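Asker: Next come the chains, spelled out residue by residue.
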Amino acid sequence: MTGQPLLSVRDLAVEFGHGAATSRPVDGVGFEVGEREIVGIVGESGCGKSLTLLALLGLLPAGGRVVNGAITFAGRDLRGADQSVLRSLRGRQVALIPSDAGAALNPVARVGKQLRLSLRTHHPELNAQQRRGRALDALRRARLARPEQALAAYPHELSGGMQQRSAIALGLQNEPQLLLADEPTTALDVSIQAEILKLLVQLRDELGTAIVFVTHDISTVREICDRVVVMYAGQVVEQGDADEVLAAPRHPYTAALLGSVPPLGGVPPEQLETVSGMPPDPAAWPGGCRFQARCRHFTELGEPDECTSTWPGSADGLALSAACHFPLDDSPLEEVRR
Amino acid sequence: MSAVAVVAATTDGPRVKRGWKVIVGGGLLGFLALFMLVGPLISGYDPNATDLDARFAGPSAQHWLGTDDLGRDLFTRMAVGGRMTMLIALGAVALASAIAIPLGLLTGYLGGWVDLAVMRVVDLFFAIPTLLVAIGIVGLFGPSFSTTLLALGLAFWPFYARLVRSAVVGVRDLAYTDAARVIGAGRWRIIRKEILPALLPLLIVQTTVLLGFAVLDEAGLGFLGLGVQPPDASWGSLLAQSRGFVLSHPWIGVIAGVPILLVVLGINIMADVLRDRLDPQGAST
Amino acid sequence: MVQYIARRLLLAVPLLFGLSILAFAYVRVIPGDPVTAMLGVNSDPELVARLRDQLGLDEPWYQQYLSWLGNVLTGDFGLSYRSRMPVSDILVDRIPATLELALGGLLVGLLIAIPAGLYAGFRRGSRADNVITGATLVGLATPGFWLGTLLMLLLALQLGWLPSQGYVPFDVDPAQNLRLLVLPALTLGLAIAPYLARLTRTAVVETGGEPSVAYARAQGLPERTVARTVVLRISIPSLIVAVALTVGFLLAGSIIVEELFNWPGMGRLVAAGVSERDYPMIQALMLIYGVIFIVVNVIAEVLQGLMDPRVRLT
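Chains as they are written, first to last, in the working numbering: chain A, 1 to 338; chain B, 339 to 623; chain C, 624 to 937.
Because the hints were derived from the structure by calculation, they are not lab data.
Be aware that one or more of the hints could be misleading.
Here are the in silico distance ranges between beta carbons for each label pair [to be verified]:
1) Leu379(B) to Ser749(C): 31 to 41 Å
2) Ala248(A) to Val507(B): 25 to 35 Å
3) Val754(C) to Leu616(B): 25 to 35 Å
4) Val592(B) to Met930(C): 56 to 66 Å
5) His156(A) to Arg847(C): 44 to 54 Å
6) Arg530(B) to Ala152(A): 53 to 63 Å
7) Leu379(B) to Met930(C): 25 to 35 Å
Among the chain A residues that face chain C by a calculated CB cut under 10 Å, a handful are [stated by the list, open to error]:
8) Ser23
9) Val66
10) Ala167
11) Gln177
Looking from chain A toward chain C, a few residues come up when the C-beta cut is under 10 Å (computed) [as the list claims (entries may be wrong)]:
12) Leu54
13) Leu86
14) Arg87
15) Asn106
16) Pro107
17) Ser191
18) Ile192
19) Ala194
Computed from a predicted structure; not experimentally measured.
Even for Gly, the Cβ is constructed at its ideal location relative to N, Cα and C.
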């Protein structure tokens, strides 16, 4: 990555509730997104990845607040920005692609109206004719067959794939610098999933839009991401070049996630290495490494003290390696096994 | 969970303290219960004893709330009338529950034509105003204490039954009822051991809500002269009686509505409290 | 859309059929011999014979039902036992007054409740929301006739702003008709306003939790646009249906308000009909109140279908 990153997040923490009921579902998250880059954020549900996205947009649910960290987008500080600044940014420079477009699109407005509403907000200088042209253009770019028909359709009249493409068109018609794609394929059939992933890469190549791609499915990261950020229990446990991390994961959690993915096109191995158990509760994070309760190495190594006493990650969450006392490639496991 | 869904599912932090509700609601109900139970004892009057020398007396040391057209002590009559009204309301709610709960459980659990048939009857009852159903039943048996109870009970059950039914449908296919079915538990056992306990919070809240409506509708019937008949006092019949001289002696009509307002307010507040405590999903609505 | 409307109308048919059965059965379940119950033991034998004939009591019940239904459909509800006049003639005089009162009450109720409910819903948890929700709680506990009595005492008798009771047909003296309408309509409106306000607030709060609303915000749309084009547009269709369901309360309230203010509508016939056991009258009233309710609800569903494209599919 050269020069200033487009988006930089450092040591981000989000809290809910007050007093004894305080929880911190995002706790020290840091990562960067360069121009034209696709960065995957992977983790189980509840790991804080969606809340991280919402914090970037300034749209945390009621009661939620950013209590620590810095968010810089295109040289501007977003954490201290007030709502009017954020609003002019949302949909214009940073666009969200929702996970289930069928539920997210306004059910009682035609797709064309929704596209026009966003254009009217962010480009008041356009006239009706130009708005229509631009909306059609965006639908075409999102590879929607018969864009004129889609303009006149209500969301429920479209297929799931077409809904998702409409939402993508809605996101990119204002030519944002950054797309936040929030599990954009989970609600879709497998074959359509692949098409949407391909579309995202194409759009990045054509328009140069950077993409943050949030998913719980690490296999999709392999297909489209340049870099990957693995989150667990509100923290980043490993990040780096996607190919490197996926080929040789250093954090046991990443390895477990990868192990739980059947090899592409092949027969699943006899025993999948799944991550058993549940992630910890954000209202009461355990001390030390938060993955310990589910970490096989922790037990195999005889429950070492450092795992229970100190958090192995870096202070700003930006460590370009694994937040583990015993990362996989120099793990003393081999000795233990011997 | 996706970002959009996260926003949708998050409620705004811990609920505000509801302590004052318990104090206000409980206080109102406690105060009125005391009034109804002890009031006649300390006033020292017979509720039906007339005193033609003291007609339409205003509030005084002898008659705390004044007297009516026959010189009867209003304080005592309101306390005794409250007993009557509450008795009718409780009886009507018990009757409605006795019909609605089994019917709702059965239709919700079995589905099929039983469900279809019963729910069409329920739809029908929805089309006629509750008060009119009750009035119609009074028309059949003539106004009296027991008719009022019967009429309100029969007018209320359809609303309750529909609610129970949809709640049963909600829990019928949940994992634990399925599990019970898999281990071979019988229909009745599942209804009794699995579904009924899951419904209990809803039932408690709804019977409370219904109780408030019953008090209001008893008063409504009484106001129309179709409730408890004189000389017996109920809150409804006191209001009906006060209509005759509302222009010349408005005081009686004004004071007669106050206990109704307070008791229904107390009941509704307590229903809210119960809903917050027992049935958090339904709390926001 | 035409198909949707046709389906809604068809769905009302079984309901109307059930209503007619109920009204028919009502007179048959009177304990004892219906004719004796209606006319008393020592009544004119000629009248008894005519009534037996009119009711067709010697025919099988389904034939009785069919001929009764045929009469009802042609507007013949039989003779009132009280006045010996055709029930339909009496009702025709009364229906306009009731409709006027019901519409006036609904208008007052909506004018109070919709702004209050919207305000509370959009500013959930604010001081204004707490005040409105508190007022709703008190309003729900207030008996309508008692409220009406207070209003009458205050506005008519104390302040003398309005006539306390009575009725003048609109075509005789429009101004006086409206002046007389104010107090009853205000009472009825205030009585139903808490229900309507609660429904409105709930609709807004529930829609506010929809993914579409969060997504609209993520698009950078201004709050006003989100409120207008998403929250309101989604909640209003279902709100219309919810309001239509409260027409039952409205009609029940009108029975009591008419009684209180000597408003000569159908409601006054209800209490009189029951105390005098005027069964054809009660029967006709049940039918008409039921039909009003059903018609209003069909209209509401059609409106919902017009405004929400998803509904048309179901």
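Asker: Falls inside 25 to 35 Å, the C-beta gap from Leu379(B) to Met930(C)?
Answerer: Violated, since Leu379(B) and Met930(C) (Cβ atoms, about 60 Å apart) do not stay within the stated range.
Asker: Report holds or violated for the interface hint on Ala194(A), using the least CB-CB distance to chain C and a cut-off of 10 Å.
Answerer: violated (24 Å)
Asker: Under 10 Å is the threshold here; is the Cβ of Leu86(A) close enough to any Cβ of chain C for the hint to stand?
Answerer: It holds, given that the least Cβ distance between Leu86(A) and chain C is near 8 Å, below 10 Å.
Asker: Is the interface hint satisfied for Asn106(A)? The criterion is a beta-carbon contact with chain C at less than 10 Å.
Answerer: holds (5 Å)
Asker: Verify the interface restraint on Leu54(A): the C-beta must sit less than 10 Å from at least one C-beta of chain C.
Answerer: Cβ of Leu54(A) sits 8 Å from chain C, so the hint holds.
Asker: Just to be careful: measuring from the Cβ of Arg87(A) to every Cβ in chain C, is the smallest value less than 10 Å?
Answerer: Holds - the Cβ of Arg87(A) comes within 10 Å of chain C, reaching about 5 Å at its closest.
Asker: Measuring from the C-beta of Ser191(A) to each C-beta in chain C, is the shortest one below 10 Å?
Answerer: violated (25 Å)
Asker: For the hint 53 to 63 Å, verify it against the beta carbon of Arg530(B) and that of Ala152(A).
Answerer: This hint holds: roughly 54 Å between Cβ atoms.
Asker: Ile192(A) was flagged as interface toward chain C. Is the shortest Cβ-Cβ separation under 10 Å?
Answerer: violated (20 Å)
Asker: With a cut-off of 10 Å, does the beta carbon of Ala167(A) approach a beta carbon of chain C closely enough for the hint to hold?
Answerer: Because about 8 Å separates Ala167(A) from the closest Cβ in chain C, which is inside the 10 Å limit, the hint holds.
Asker: Take the shortest C-beta to C-beta distance between Pro107(A) and chain C; is it under 10 Å?
Answerer: Holds. Min distance 6 Å.
Asker: With respect to the beta-carbon atoms only, verify the hint that Val592(B) and Met930(C) lie 56 to 66 Å apart.
Answerer: Violated, at about 44 Å.
In the structure shown, a violation is registered for the earlier hints numbered 1, 2, 4, 5, 7, 8, 9, 11, 17, 18, 19, in ascending order.
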